[in-house]
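Colleague: Below are the chains, spelled out letter by letter.
Protein chains: 2
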Amino acid sequence: MTLLRSDRLTAGAAERGIPDATVARLPIYLRALTTLADQGIDVCSSHQLASAAGVNPAKLRKDLSYLGSYGTRGVGYDVEYLRYQIARELGQTQDWDVVIVGVGHLGSALSTYDGFSTRGIRIAALVDTAPARIGKKVGGITVAPLTDLTKIVRKHDIAIAVIATPAEAAQDVADALVAAGVTSILNFAPAIVTVPEGVDVRKVDLSIELQILAYHEQRKAANGPESIGTADEVTA
Amino acid sequence: MTLLRSDRLTAGAAERGIPDATVARLPIYLRALTTLADQGIDVCSSHQLASAAGVNPAKLRKDLSYLGSYGTRGVGYDVEYLRYQIARELGQTQDWDVVIVGVGHLGSALSTYDGFSTRGIRIAALVDTAPARIGKKVGGITVAPLTDLTKIVRKHDIAIAVIATPAEAAQDVADALVAAGVTSILNFAPAIVTVPEGVDVRKVDLSIELQILAYHEQRKAANGPESIGTADEVTA
DNA sequence: CCATGTGAATACTTTCACAGCC
DNA sequence: GGCTGTGAAAGTATTCACATGG
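Chains as they are written, first to last, in the working numbering: chain A, 2 to 237; chain B, 2 to 237.
There could be a bad hint or two in this list.
The list treats identical chains as one, so a pair stands whether inside a single copy or across any two.
As the list claims (entries may be wrong) - In silico lysine to any residue, SDA-like type, Cα no more than 25 Å apart, as pairs:
| hint | residue 1 | residue 2 |
| --- | --- | --- |
| 1 | Lys60 | Thr23 |
| 2 | Lys60 | Ala22 |
| 3 | Lys138 | Tyr114 |
| 4 | Lys138 | Ile153 |
| 5 | Lys63 | Thr94 |
| 6 | Lys137 | Lys152 |
| 7 | Lys221 | Gly182 |
| 8 | Lys60 | Asp21 |
| 9 | Lys63 | Thr195 |
| 10 | Lys138 | Pro167 |
Quick caveat, the hints were computed from the structure, so don't treat them as lab data.
Put together the whole structure using the sequences plus the hints.
Modeller: Next comes the structure, spelled out in C-alpha cells:
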C-alpha cells in the first residue's frame, strides 16, 4: 500500500512525485469528470468537481496541482481536457492486459465486471488449477491451466495480475506470477503474500471492510448516538 | 473513510480513541493471530506477529498500545488472549447481521464468501429489484424484493448493509437503506453516495485498485526499473 | 537480558488562507 | 469579482530509540 519513492523531488526538471494519497484519488476524479461530461457540462469549478467526487475543494485543487496547472483562474477546469490529463497521468493512454488467477465466485464476478474496459483495463486471460474449471468459458474467455501462466504473460505482455483464489493458494500463485514476470498484483485472497522488491502488491479484503464498519457501529451503540458524525460522503 | 472523533481523549477514565489507521489494521492482526494459533503457536513476539501481518513491529506495538497493555515485557503476547481482546475491541463478541442489496455476480460472490461467518458477520438477507432474481435462492437465502427492506432491517435488527448494484441504482438504494434504519454502508457500486450525518459509508472500487497499480507500472516502465521498490509485503 | 510500551522525532496528509491571474 | 494554485499551518500516521518491568 505504501510505496517507497526514492525521488520525491530529484534534480533536473520537475520529476513527477505524486503523493500516494493523491494517486489513490485520481481515478475517483476521472469517474467524476465522466459523470459531469455525461451531464453536458464542459467547464467546472473545483467545488463542482469536488462535490461530484465526494472530497473537499481544497484537497482537489491540491491534488491537481501535483499534475500541473490545468485549470483557468477565475473560470475553472475544462472537463474534457482535465479528464485527458488525469487519464494520461494514470497511464490510461494505453490498455493494460490483466490476468485473473482463480475463477471461483469472485474471479467470475471480476471477469464480467464492466467497469474495467472503459478504464484502460482488459481482462486478457483467466487461470485456475481446478480441472473442472479449465476449458470452461467465463465472460467469453476460456479458463487456462496455471501451468500456462508464463506463456500467457509473455503472449499478452502482462504486467498486472489479480489473485482471487482461496487464502491457502495465494502465496504459491503470487510466486508463480512473479516467476512469470508479473510486477503488480491485486490480492483478493485473505492472506498476506510476500514478494520480492520491485513488485507491487495491493490487497482488498472484503471482510475487513465490514469489520471496520462493525467497529464503528459498536461505538455508536456504546456512546450516545450524538457523539459521532461522518465527515465523508456528505456533499455540502 | 475518515470519521470525525469528538473525543480523542476526553475526561474520565481512558476514553477509547483509537486512530482510524489502527482500526483498519486490527482485522489484519486478528487474521494473523488465527494463522499463528493454527500453527500451534501460543505466545508470539511483536516481530513474529508483525511479520505474519505484513507490517513492521514498531507499528504493531504502537497499534496494540491503543487497546491497552496486553503483552508481557521480555516475553511477548499470548496469542489466544490477544486475539480475544482485539475481537472484543472490534465488536466481534456479537454477530452482526448484514443485508446485501444487488444479487448480480458480485452480490452472489459476496453472499457465498465464507470469510464472513468466522468474523462476526452473518449475511441475513439478500435484496434485489429484478423480478427474475426475486424468489431465487442464493447461498441458501431467498432473494427478497427491495420493497421488503424496512421489514427485513427491523426483523434482523440490521445496522450494516452492502450495496452491490450498478452505479445508477446506488444512491436510491442508499436512501432506502438509510430510511430503513441502516447506519453503516459498504458500497461496491462505482458511484459516490451521499448520506446524512451519523451514517458511515466505506467504498470499495475494484477498478480503482487496478488503476493505481497501472499508474505504478507506468512509472516503472518510464524510469529505470532500479528507481522503485516496495516497502510493503516484504517480510524481513 | 529480553521484548513491550511509549514519549519524541519524523514523515505524510489535509486544511487554511491568500497571492496571482483571468 | 471569482476561482485557481500554493506556501504555510494544523492534524495524522509512522518510525525511532529507550525507559520500564518481567
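Colleague: Would you mind marking each hint as holding or not holding in the structure?
Modeller: Here is what the structure says about each hint:
no.: 1; hint: Lys60 <-> Thr23; verdict: both (9 Å within a copy, 23 Å between copies)
no.: 2; hint: Lys60 <-> Ala22; verdict: both (11 Å within a copy, 19 Å between copies)
no.: 3; hint: Lys138 <-> Tyr114; verdict: both (15 Å within a copy, 22 Å between copies)
no.: 4; hint: Lys138 <-> Ile153; verdict: within (16 Å within a copy, 37 Å between copies)
no.: 5; hint: Lys63 <-> Thr94; verdict: within (24 Å within a copy, 42 Å between copies)
no.: 6; hint: Lys137 <-> Lys152; verdict: within (19 Å within a copy, 41 Å between copies)
no.: 7; hint: Lys221 <-> Gly182; verdict: between (47 Å within a copy, 14 Å between copies)
no.: 8; hint: Lys60 <-> Asp21; verdict: both (14 Å within a copy, 19 Å between copies)
no.: 9; hint: Lys63 <-> Thr195; verdict: between (34 Å within a copy, 23 Å between copies)
no.: 10; hint: Lys138 <-> Pro167; verdict: both (21 Å within a copy, 24 Å between copies)
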